[in-house]
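Peer 1: With the hints as your guide, set chain B onto chain A.
Listed below, chain by chain, are the residues.
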Amino acid sequence: MASTRNIKIQTEAKRLLQEKAVDVVIGFKKGTLPYKMQPCFIHDAKEVEQFELNGLCSNNLAVYLNHRPKGEKTAIVVRGCESRAVQALVLENRHARENLYLIGVPCIGILDIQKLQADEQDPILAVEEEGDQVRVTYRSGEKTFKRIEILHDACLHCNHPQPMHADMVIDEPGYFEDKPFDKSYLGSFRKLSIKERNARFKEEAERCIRCYACREACPMCTCEECFVNHSRPQWTDSTTNPAGQQAWHIIRAFHQAGRCVSCGACERACPMNIKMTYLTDLLNQDIFTEYGFEPGADEALLPPFLTLGDDQVKFTDQQEDSHAD
Amino acid sequence: MQTKWISKKDFQKLVSKWVKKHAVYAPVHNGKELAFQAVEKPEQIVLDGYLNTRYPAKSLFLPQSEVLMSYDGILHSVENAEKEKIILGVRSCDVRAMRLLDHALIDDQNPDEYWKRKRESAIILTLGCNEPEETCFCTAVGGSPFSTNESDGLLIDMGDAYCIYLLTEKGKVLFKDLPDTDEAQLKSVKKMTKQVEKDMPALLPKLELHDALMASFETDFWKDVSQSCLGCGVCTFLCPSCFCFDIVDETVRKERVRNWDTCMFRTYSLEASGHNPRPTKAERTRQRVMHKFAYWVDLIDEIGCTGCGRCVKYCPVNIDIREIAAAALQQDFEGMKK
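Going down the list, the protein sequences come from chains A and B.
So that you can map any letter, position 113 of the first sequence is 110 in our numbering, and since no number is skipped, the others follow by simple counting.
Every position in the second sequence, counted from 1, becomes a number in our numbering once 196 is added.
Excised from the complex, chain A in its bound form (with noise of 0.2 Å):
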């Protein structure tokens, strides 16, 4: 049973197709497993069936156009954070966006497995999202939940759940309003010591296995060569020791200081669930500080590390606290 969303999808996608604006659509269909969805690409109009889209969709569509051959006419089926990723990519010149035909959708969240899998041994048989309830049979039995209780938290926190920028916006509300910048749940982060902070990040880098899955996942890492895979010189202890763990977790955050989109793929890509938005959503805290520079938000307005010259830095040595609330 097609819910109107996704009908509506359908009519859009197979609407561009049959016109050939475009040479492929990009979505989410039923992935082999009930708590998965997979990507997929459609060229076909007799296909677009296939298009689903509902909270088990947890990939950000928009690095998918870092893969797409250069010059393709591609549709794109976008929540808030996928538009904000599409828009950023613009600004940063890495995509046409006369090649690109955003289909927004109003977003409903995106759930978390880990917290649908709190006990990781009670594998989960199938899930049912109606409205507002998501009911999970596990082996054990079954379960309903509040979609709000088992949302990812960079769900939780989105300030812009609404598709931006976009083509066209399938006309079926969403479960979030749009709100103004807000990271304030990052305040309780910032009042813990440097102590209490080092601490905690060791503890979620350290259990990373460097198989990367949070980069690929990224539509902001758009590098050719990132700097751990550099070799001559080598910036990073190539390990999975501590220091190579902290290397990579720390530089990955600091590259996206006023672009990570805070999508939260990168999370839900990890396959040693490491927690890793808190870094970026910090630095964009900063960033929003500074320079009132939201990622993706603008329709012109270029990243501040797009912009800034030498002869524009004003950093000075005294503004470590600043944020401290």
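If you are wondering where the hints come from, they were derived from the structure by calculation, not from laboratory data.
A couple of the hints might just be wrong.
[Claimed, not checked] Under the rule of at most 27 Å between Cα atoms (straight-line distance), these lysine-lysine pairs were calculated in the BS3-like manner:
1. Lys26/A <-> Lys112/A
2. Lys477/B <-> Lys27/A
3. Lys419/B <-> Lys11/A
4. Lys43/A <-> Lys419/B
5. Lys372/B <-> Lys281/B
6. Lys204/B <-> Lys216/B
7. Lys390/B <-> Lys26/A
8. Lys204/B <-> Lys281/B
9. Lys5/A <-> Lys26/A
10. Lys383/B <-> Lys199/A
11. Lys188/A <-> Lys228/B
12. Lys450/B <-> Lys199/A
13. Lys67/A <-> Lys477/B
14. Lys272/A <-> Lys228/B
15. Lys112/A <-> Lys450/B
16. Lys199/A <-> Lys176/A
17. Lys67/A <-> Lys204/B
18. Lys27/A <-> Lys11/A
19. Lys366/B <-> Lys237/B
20. Lys204/B <-> Lys192/A
21. Lys477/B <-> Lys26/A
22. Lys237/B <-> Lys216/B
23. Lys228/B <-> Lys17/A
24. Lys383/B <-> Lys372/B
25. Lys5/A <-> Lys70/A
26. Lys390/B <-> Lys368/B
27. Lys312/B <-> Lys205/B
28. Lys192/A <-> Lys176/A
29. Lys228/B <-> Lys140/A
30. Lys419/B <-> Lys70/A
31. Lys204/B <-> Lys27/A
Peer 2: Leaving out everything else, chain B in the frame of chain A:
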């Protein structure tokens, strides 16, 4: 085959004895997930109702990062002696992977000493899977949830007791004073294991799949299959039978280390000249799947995937190797080439 019977209570006492003499590794909850860890008390061990560890057991023998030698003007080789250790509660899929890795790392003129030393000093006790997960498919790739291969002993959970198949001399020593299983007990074990195996996926046609994949090599099949691949290392790093590594000199620490590497990374096959023989995700995905389902078959007439399902479960975009194998069997590759 000799079988023994031990109540779970007595088994715990037995493990307490082992812990005093040997290093014992078993699934332990580390606060985040189940992982093989050195055990101090038998109460830490999670054997009841556990599906599998997230991180594969191969890491006990081929650690993700391992120091091979250090240098400080002169070379220092790392400590040679390995303490004898018991690895308790490994699932059949991970045990079967040991044999595949033995083939890759030992069975030739130049055995990998680091792997070999750890293997020779280990006693492996398999725990049969009474309730395999939905992502499990060991039976499809030539394994069994109750495999007696490559292990020193197989434990089968019979509710309040374990039935133990003694498979090697090392295994016999560990369980030597226990009573033999009686006929009724053995019958109930066989009945249960048969039922579990019956409910699992059917055996893949190994040769047919091998031939289909060989025919697929130059087709667009791989472009389609790999379209959603992100190019991360989850599938291979969590795989019990992947063994590729990269050797790096960590010059600051003055150590030569080897780290797991993966054919799914672009840099894996990138040559010094800048040429990359596997330039896109299509060739890299093809390599992963064909290594498991075609090249291993050429080498030892066995599928090199053990069906643990970790790559299926943890792939961030739900690329499912079972789905790829099924699609390859369906596809008319000869027609596709035209």
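Peer 1: Now tell me if each hint is right for this structure.
Peer 2: Hints versus structure:
1. Simply put, Lys26/A and Lys112/A have alpha-carbon atoms about 22 Å apart, close enough for the 27 Å limit, and the pair holds.
2. The hinted pair formed by Lys477/B and Lys27/A meets the criterion: a straight-line CA distance of about 22 Å does not exceed 27 Å.
3. Simply put, Lys419/B and Lys11/A have alpha-carbon atoms about 23 Å apart, close enough for the 27 Å limit, and the pair holds.
4. Restraint check for Lys43/A and Lys419/B: satisfied, since their Cα atoms lie roughly 20 Å apart, inside the 27 Å limit.
5. Distance restraint check for Lys372/B and Lys281/B: the Cα-Cα separation of roughly 18 Å lies within the 27 Å cut-off, and the hinted pair is therefore satisfied.
6. Taken as a hint, the Lys204/B and Lys216/B pair is honoured in the structure, with Cα atoms around 19 Å apart against an allowance of 27 Å.
7. Of the pairs offered as hints, the one joining Lys390/B and Lys26/A is violated, with about 36 Å between alpha carbons and a cut-off of 27 Å exceeded.
8. A hinted pair counts as satisfied when its Cα atoms are at most 27 Å apart, and Lys204/B with Lys281/B qualifies at roughly 21 Å.
9. A distance of roughly 15 Å separates the Cα atoms of Lys5/A and Lys26/A; the hinted pair therefore holds under the 27 Å criterion.
10. A distance of roughly 52 Å separates the Cα atoms of Lys383/B and Lys199/A; the hinted pair therefore is violated under the 27 Å criterion.
11. With a C-alpha separation of about 25 Å, the suggested pairing of Lys188/A with Lys228/B holds against the 27 Å cut-off.
12. Between Lys450/B and Lys199/A the alpha-carbon distance is near 24 Å, which keeps this suggested pair within the 27 Å criterion.
13. Between Lys67/A and Lys477/B, the direct Cα distance comes to roughly 16 Å. Compliance with the 27 Å bound is thereby established for this hinted pair.
14. Of the pairs offered as hints, the one joining Lys272/A and Lys228/B holds, with about 12 Å between alpha carbons and a cut-off of 27 Å not exceeded.
15. Between Lys112/A and Lys450/B, the direct Cα distance comes to roughly 43 Å. Violation of the 27 Å bound is thereby established for this hinted pair.
16. At roughly 32 Å between alpha-carbon atoms, Lys199/A and Lys176/A are farther apart than 27 Å, so this suggested pair is violated.
17. Simply put, Lys67/A and Lys204/B have alpha-carbon atoms about 62 Å apart, too far for the 27 Å limit, and the pair is violated.
18. For the hint linking Lys27/A to Lys11/A, the alpha-carbon distance of about 18 Å falls within 27 Å, and the restraint holds.
19. At most 27 Å may separate the alpha-carbon atoms for a hinted pair to count; Lys366/B and Lys237/B meet this at roughly 22 Å.
20. A hinted pair counts as satisfied when its Cα atoms are at most 27 Å apart, and Lys204/B with Lys192/A does not qualify at roughly 44 Å.
21. Between Lys477/B and Lys26/A, the direct Cα distance comes to roughly 20 Å. Compliance with the 27 Å bound is thereby established for this hinted pair.
22. As the CA atoms of Lys237/B and Lys216/B are separated by approximately 10 Å, the hinted pair is consistent with the 27 Å bound.
23. Proximity of Lys228/B to Lys17/A is assessed by CA-CA distance (about 49 Å); at most 27 Å being required, the pair is judged violated.
24. In summary, the hint linking Lys383/B to Lys372/B is supported, as the alpha carbons are separated by about 22 Å, within the 27 Å threshold.
25. Proximity of Lys5/A to Lys70/A is assessed by CA-CA distance (about 21 Å); at most 27 Å being required, the pair is judged to hold.
26. Distance hint between Lys390/B and Lys368/B is fulfilled; the C-alpha atoms sit about 25 Å from each other, no more than 27 Å.
27. Distance restraint check for Lys312/B and Lys205/B: the Cα-Cα separation of roughly 34 Å exceeds the 27 Å cut-off, and the hinted pair is therefore not satisfied.
28. Simply put, Lys192/A and Lys176/A have alpha-carbon atoms about 33 Å apart, too far for the 27 Å limit, and the pair is violated.
29. About 22 Å separates the Cα atoms of Lys228/B and Lys140/A, which keeps this hinted pair within 27 Å; it holds.
30. Under the criterion of a C-alpha separation no larger than 27 Å, the hint pairing Lys419/B with Lys70/A is consistent with the structure, at around 18 Å.
31. Pair hint Lys204/B plus Lys27/A does not hold up; C-alpha atoms about 42 Å apart against a cutoff of 27 Å.
The structure fails hints 7, 10, 15, 16, 17, 20, 23, 27, 28, 31 (numbered hints given earlier, in ascending order).
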